[in-house]
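Build out the structure end to end from the sequences listed, making use of the hints.
Heads up, the sequence shown is in the UniProt record's numbering, so the first residue is 1 and it goes up one at a time.
Everything labelled a hint here was simulated from the structure, so no lab data went into it. For glycine and all other residues, C-beta sits at the position ideal for the given N, C-alpha and C. Treat the hints with care, since some could be wrong.
Unchecked claim - Pair by pair, the computed Cβ-Cβ distance ranges are:
#, residue 1, residue 2, range
1, P119, P69, 37 to 47 Å
2, P69, G125, 48 to 58 Å
3, A124, T36, 15 to 25 Å
4, P69, L128, 20 to 30 Å
5, S8, T36, 26 to 36 Å
6, R50, R196, 25 to 35 Å
7, P119, T188, 34 to 44 Å
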Amino acid sequence: MTAPAAASYEDLVAGVLAGRFGPDPRTRHIAMAFTTRQSVRHPGRGSGYRNEVLSLRIGAAVGSCAVEPGELPAGVVDDCVGADVAALLGHPLPPVRVAALDTYLMAVLPHGPGSGARPLPLQAGGSLEKSRARARAVVGLLDTPPGSTVLLVGVVNSLLEALRERGLACVPCDLKGGTTEWGEPVRTDAPAELERCDAILASGMTLGNGSFEPLREHALRHGKPLVVFAQTGSAVLPRLIGAGVTAVSAEPYPFFWLDGGAGTLHRYGGAL
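Printed below as a string of structure tokens:
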């Protein structure tokens with residue numbers, strides 16, 4: 001079965017508001033809103049990181065958007081509860097808009113063969129084991145020969161490892177800057193690095209911080225692979241395959257880092 005697609009993020013939002021993807025979003029109300037915060041430092045690693053995610057729920061569907069820790073104002077979850085999706089798609093905060101769109105699409109196009117997804121089991125294990133297993137699955141969606149240069153937008157050390165294992169050079173980029181676990185400088189201006197890279201591997205978090213569309217437009221214009229690893233917007237990004245996005249590793253809430261149990265990645269596009 002072929003699920004609906006869109007030409008851009010804004011086209012997707014317009015399509016949802018027009019009813020092209022399912023029921024009128026004005027009739028779908030958020031039953032629950034919550035945030036998830038975590039701090040992690042994997043055994044054997046010299047540095048750690050923090051995550052914060054806004055999640056909204058309609059029935060069994062949960063949609064999410066990651067934010068920088070401390071970015072969300074107090075009371076935002078109360079603003080979301082009871083609101084209809086259409087209203088939240090016009091919310092002044094981009095993470096709220098992305099989470100609302102993700103929740104709606106999770107409800108009407110849940111991950112599965114009917115939406116174009118191929119499930120990949122993620123085995124139970126420790127935090128670093130699961131991080132590395134996810135990274136290998138994500139990098140496996142890149143149809144890029146050894147020796148190519150990949151722009152990694154949203155630095156994850158396990159992804160850097162997996163890229164090296166494939167013989168791929170990497171330009172790490174993240175708005176936070178800094179250095180990688182191995183002392184490599186992290187660039188902060190992804191568009192400035194695009195021309196020298198053969199492929200793009202990007203976090204779904206780019207949806208919430210406004211940096212996604214330039215990546216998609218560049219990939220589409222130049223025919224470069226764009227693979228997205230999506231906890232943010234896991235139901236949103238598959239709808240953009242064919243419009244610059246070539247593959248998505250979709251991972252809806254609850255994410256692999258929340259517990260040691262087994263999970264599932266939903267792969268769209270890429271090599272079979």
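Now for the hints, and whether the structure bears them out:
1. P119 with P69: 37 to 47 Å: Once the Cβ atoms are compared, 31 Å apart, the range 37 to 47 Å for P69 and P119 is violated.
2. P69 with G125: 48 to 58 Å: Because 25 Å falls outside the window, the suggested range is violated.
3. A124 with T36: 15 to 25 Å: 20 Å, holds
4. P69 with L128: 20 to 30 Å: At roughly 21 Å between Cβ atoms, L128 and P69 fall inside 20 to 30 Å, so the hint holds.
5. S8 with T36: 26 to 36 Å: Since S8 and T36 have Cβ atoms about 29 Å apart, the given range 26 to 36 Å holds.
6. R50 with R196: 25 to 35 Å: 30 Å, holds
7. P119 with T188: 34 to 44 Å: Holds, since P119 and T188 (Cβ atoms, about 35 Å apart) stay within the stated range.
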